[in-house]
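2 protein chains.
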Amino acid sequence: MHPIKIGGSLTYEAEPLLKALKDYANEKNKEIVIIPGGGEFANVVRKIDKTLNISNSLSHKLAIKCMDLIGEVYAELGNIKAYDTLFDLKKEIKNEKIAILLPSKLLLSTDIAEHSWAITSDSLSLYIGRLLDVREIIIATDVDGIYDKFPEGKLLNIINANDIKGLTSVDETFPILLKKFKMNAYVVNGKYPERVIDILEGKHTLCTKIIGKE
Amino acid sequence: MHPIKIGGSLTYEAEPLLKALKDYANEKNKEIVIIPGGGEFANVVRKIDKTLNISNSLSHKLAIKCMDLIGEVYAELGNIKAYDTLFDLKKEIKNEKIAILLPSKLLLSTDIAEHSWAITSDSLSLYIGRLLDVREIIIATDVDGIYDKFPEGKLLNIINANDIKGLTSVDETFPILLKKFKMNAYVVNGKYPERVIDILEGKHTLCTKIIGKE
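Heads up: the sequence lines are chains W and S, in that order. With our numbering applied, the first sequence corresponds to residues 13 to 226, in that order. With our numbering applied, the second sequence corresponds to residues 13 to 226, in that order.
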């Protein structure tokens, strides 16, 4: 099974990627699980938190529910079925080949992650990947990968999770969890569906591979 | 039971109103049900709809789920318990006196309203009021009431639902439903909690009463 987190920053540009992944999954008989980010909905949570100083737990809960909302949008844009339990998703993906996870039920029922903005949908997708027992995850976002400095740095083809520091396109807990779970990740620009397909095909492409597995 | 819809436009200023209502409900032994609007979360749905032209049904569903998110914020700000069924709400409000309804479960399970932007949380609160079997509802928003023209009109103390036309602070279906359900409504500025309390006390105050019951 291939989990691909599609960041909410891609909301307005996700349709070509969703359609390409659906076609690819069916043509190549691969099982793809799409995990949505919270996008602009989660930005509203950040604003409410900043203005009203709500609890970390409430911010965490609301931001997770925002992932469901973007997931519903992705489901309609890509004409892909969405599921709110891994039970249903695993049952149906055998026929459908591609599925969107609406993760709030899973994430709130398990309460698996720290309640903090250091955990965003990037890190949450790793917890989900772990439950799916995968060793690799793709993070599709709106930049080409991770740069050696920001701004105006050089794109890194590969980096060890230990070496990720400071401002990057993934949240700060992500490299820590990646090592803990012994997983690798690819950060790739989802505006170019062919790059995401290249990763699924094991081909070299423009992206950053993060090594969390020694 | 007294349903009060607190518009999402009040998100950043709702705390004094929520606290005043909680105190009032307990002091005067009145049962108050708070129905949240969708606020800036619902604005994100509008933007996604405008940009991606998603279906009316999806917009409707997402906007309803946004009401839950603001409801959770109100619950924390006002230290008021929130319920996602009228069964639980009615059971607990006897002791709590005040309750927040997270309405998505009720609204999606009953699918009671048209899927259109002509129906917003204003009209949805009337459907909920009807299920609660009330004859009056308070709409707390960020303006003082309904004006005879917009902008720079005169505030109306009272208006028949038949006479509401064009731009007002309630959605376009609201007056139609108000008549159909034979209900009256008060549109009041929620930034002034004392005005909302005045309405609950049956006192004259700055607001607009909309007559839907002949």
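Hints were generated in silico from the structure; no laboratory data involved. Incorrect hints may appear among the rest.
No copy labels: a pair is met if it fits in one copy or bridges any two.
To be verified - Cut-off 16 Å, straight-line C-alpha distance, at most; resulting in silico cross-link-like pairs (EDC-like, lysine to aspartate or glutamate): (1) LYS62 / GLU88; (2) LYS192 / ASP160; (3) LYS161 / ASP100; (4) LYS34 / GLU148; (5) LYS191 / GLU213; (6) LYS34 / GLU88; (7) LYS117 / ASP96; (8) LYS42 / GLU52; (9) LYS59 / GLU226; (10) LYS102 / ASP35; (11) LYS59 / GLU25.
What you are looking at is a predicted structure, and each value in this text was computed from that prediction instead of being measured.
Results for each hint:
Taking identical chains as interchangeable, the C-alpha atoms of LYS62 and GLU88 lie at most 16 Å apart only when they sit on different chains, with a minimum of 15 Å there against 32 Å within one chain. Taking identical chains as interchangeable, the C-alpha atoms of LYS192 and ASP160 are never at most 16 Å apart, the minima being 23 Å within one chain and 64 Å between chains. Taking the closest pair of Cα atoms, LYS161 and ASP100 never come within 16 Å of each other, the shortest separation being 42 Å inside a single copy and 53 Å across copies. Taking CA atoms no more than 16 Å apart as the test, LYS34 paired with GLU148 passes in neither setting, with 19 Å inside one copy and 50 Å between copies.
Proximity of LYS191 and GLU213 under a CA criterion of 16 Å is satisfied in neither setting, with 24 Å inside one chain copy and 61 Å between copies. Taking the closest pair of Cα atoms, LYS34 and GLU88 come within 16 Å of each other only inside a single copy of the chain (12 Å); across copies the shortest separation is 41 Å, beyond that limit. Taking the closest pair of Cα atoms, LYS117 and ASP96 come within 16 Å of each other both inside a single copy (6 Å) and across two copies (15 Å). Taking the closest pair of Cα atoms, LYS42 and GLU52 never come within 16 Å of each other, the shortest separation being 30 Å inside a single copy and 38 Å across copies.
For a Cα distance limit of 16 Å, the shortest separation of LYS59 from GLU226 qualifies neither inside one copy, at 39 Å, nor across copies, at 44 Å. For the identical chains of this complex, LYS102 and ASP35 are neighbours neither inside a copy (19 Å) nor across copies (49 Å), given an alpha-carbon limit of 16 Å. In this assembly of identical chains, the alpha carbons of LYS59 and GLU25 lie at most 16 Å apart only when taken from different copies (14 Å versus 23 Å within one copy).
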